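A.B. asks: Given next are the chains, with one letter for each unit.
There are 2 protein chains.
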Amino acid sequence: MKTQQIVLAARPKGMPDADTFRFEDIEIPDLQQGEVLLKGLYYSVDPYMRGRMNDKKSYSAPFEIDKPIFGGVVAEVEDANGTDLEKGDLVTGMLPWSKKIVSAEKKLKKIDASFAPPSYYLSILGMTGLTAYFGLIHIGKPKDGETVVVSGAAGAVGIVVGQIAKIHGCRVIGIAGSDEKIEMLKGKFGFDGGINYKTTPDMKKAIAKACPDGVDIYFDNVGGEVSDAVISNINFHARIPLCGQISLYNDTEIPTGPRVQPTMVTHSVLMQGFIVSKYSDQFPEGMAQLEEWVKEEKLKFTETIIEGFDQLPEAMLSLFSGGNTGKMVVKA
Amino acid sequence: MKTQQIVLAARPKGMPDADTFRFEDIEIPDLQQGEVLLKGLYYSVDPYMRGRMNDKKSYSAPFEIDKPIFGGVVAEVEDANGTDLEKGDLVTGMLPWSKKIVSAEKKLKKIDASFAPPSYYLSILGMTGLTAYFGLIHIGKPKDGETVVVSGAAGAVGIVVGQIAKIHGCRVIGIAGSDEKIEMLKGKFGFDGGINYKTTPDMKKAIAKACPDGVDIYFDNVGGEVSDAVISNINFHARIPLCGQISLYNDTEIPTGPRVQPTMVTHSVLMQGFIVSKYSDQFPEGMAQLEEWVKEEKLKFTETIIEGFDQLPEAMLSLFSGGNTGKMVVKA
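Sequence order for the protein chains is A and B.
Per the UniProt record's numbering, residue 1 is the first one in the first sequence, and the count goes up by one each step.
Per the UniProt record's numbering, residue 1 is the first one in the second sequence, and the count goes up by one each step.
Just chain A, same shape as in the assembly:
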């Protein structure tokens, strides 16, 4: 029996394009003891995956040329060989971009679809939610009455960060790329304000106006000029969790900009790059808290769901032009 997978055809220089990906038909191997056959239901596309397309040391190993792209997948068990998992079970794991997937049982986590839409396990009840939770709580250390600015605020992580900051009594300003996103942040997600960076000529001034007491925590998903503007409004003893730098991921040269160190010295600022796996020993605690907040409806969420396995490359590219609101997911 055959299936279709998507491999990395060539490492992109700058923005990925049609030459970056290749669809391949492959033979599905027989199941070995302890393996299951999966049908992919939802595939996660995330900004960090762009970094894995480079042949460069980073926190996750580079994808290999001519090998499938890997990412978060929610899948249904279709067949099993000597496993506790049974036909019909839903699982999640880091899996190849393939319509059908053979995987060892131990690489999978069974999920409970009665509690939330299964795709949520790729986002708010998965790495995205934990990234927001640990980055904000452990690095940002939000205190009642502080001002929090989130860039990429309408993205999968940003939406969760803003809501958790509100739960902690902070004033929250979101930066996003359309008026619709800003309205959604303020309406559905309870942000205190928002700035559309695409239509705001003087971001530094706009942030100063939106944050009359300055910025205590800047949760940074995007980097670049948006961050320059926020940092020029930063308070003494501010904390800057660095979650991502999506505005720079497709740069082919090292980007330049105003140096941040002088401000960090004069204002005693902390800045920390992090990956969520650093907190893996605390995942159960974090996940329990996220589930509780979702149940209590203190934490709401939204997804952009693209239909069709063949849309995966396009969905990936669309992340970099802000094509998603909340989590970008492809439904097979």
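Don't read these hints as lab results, they were simulated from the structure.
Keep in mind it's a predicted model, so treat the numbers as computed, not measured.
There may be inaccurate statements among the hints.
Pairs involving identical chains hold if they fit within one copy or between any two copies, as the list cannot separate such chains.
Think about it this way: if two alpha-carbon atoms lie no more than 30 Å apart in a straight line, the pair counts; the simulated BS3-like pairs of lysine-lysine are [stated by the list, open to error]: (1) K110 with K2; (2) K209 with K13; (3) K143 with K278; (4) K278 with K141; (5) K166 with K278; (6) K67 with K205.
On the provided structure of chain A, position chain B as indicated by the hints.
C.D. replies: Here is chain B on its own, set in the frame of chain A:
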């Protein structure tokens, strides 16, 4: 009775010059109850004082125009009015650049000159030593076998940082601006290696060669291109205590350079600006440790002593051209 003081005549644009300072003769006021008359012996000149010449919010308030410059001073009590301090006692405090000084007793700390040269209380047994101690221990968190790079290594803070890192079992590379300084760091102070940034054409390569296992801690006193070169060799989970940015203090525009955030995200790097006063509740512990190391000769020190109260402005400027080895002090 009259004395001479040095006031801030004008806020410098860029490098301070002759117009920045003005010498004035003033009348010494009568002593009030609880006050002492002091004769200044040693005056501290420090890079951070440049920042106080600007009219800009920073961790220490700006100096006022037509008011004396303030800094660390070691002085001898010449007269006292109802104080525990007596004629002949040596004290230290944040005091004006004035030959004779009237001060409230409560603003002064009595020092023990039997234990170390009195000027050491402006440096290794004062704020400089504590800055090195807390910045390295609390932010850098040195671990046995790690590689530590110190910029401004032959400066008052850098010399102490390198030696404390050695005490913690680290490999230490110092960056300084002359071959004599490098030799001194390796010879007298036990650094494992050193790089003269003024004569090294490719600093990135030189650091890679000096640090074959990468850089785990970068204690940054200087900023600018030296820091760019170190950061391009930074390890995963590295820590960067930001103590100073002396290479940029006289810039009139916001300096630009390669953005650090992308590397900080991919390598989970922590960077923290700090001032020593953050740790003031732990000063007794830190001071006791520094004294112990000095007594055991695990911690050595050196000073550049300029003679003459009238040399204070010149000594201050000389900091920015690397005119000091170790602590720069003016002896009245």
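A.B. asks: Compare the structure with each hint and give your call.
C.D. replies: So, going through the hints one by one against the coordinates:
1. K110 with K2: within (25 Å within a copy, 85 Å between copies)
2. K209 with K13: between (38 Å within a copy, 29 Å between copies)
3. K143 with K278: The answer is both: 23 Å in one copy and 18 Å across copies each meet 30 Å.
4. K278 with K141: both (16 Å within a copy, 17 Å between copies)
5. K166 with K278: Both. Shortest intra-copy (24 Å) and inter-copy (28 Å) distances satisfy the 30 Å Cα cut-off.
6. K67 with K205: The answer is neither: 47 Å in one copy and 34 Å across copies each exceed 30 Å.
Of the hints listed earlier, the one the structure fails to meet is number 6.
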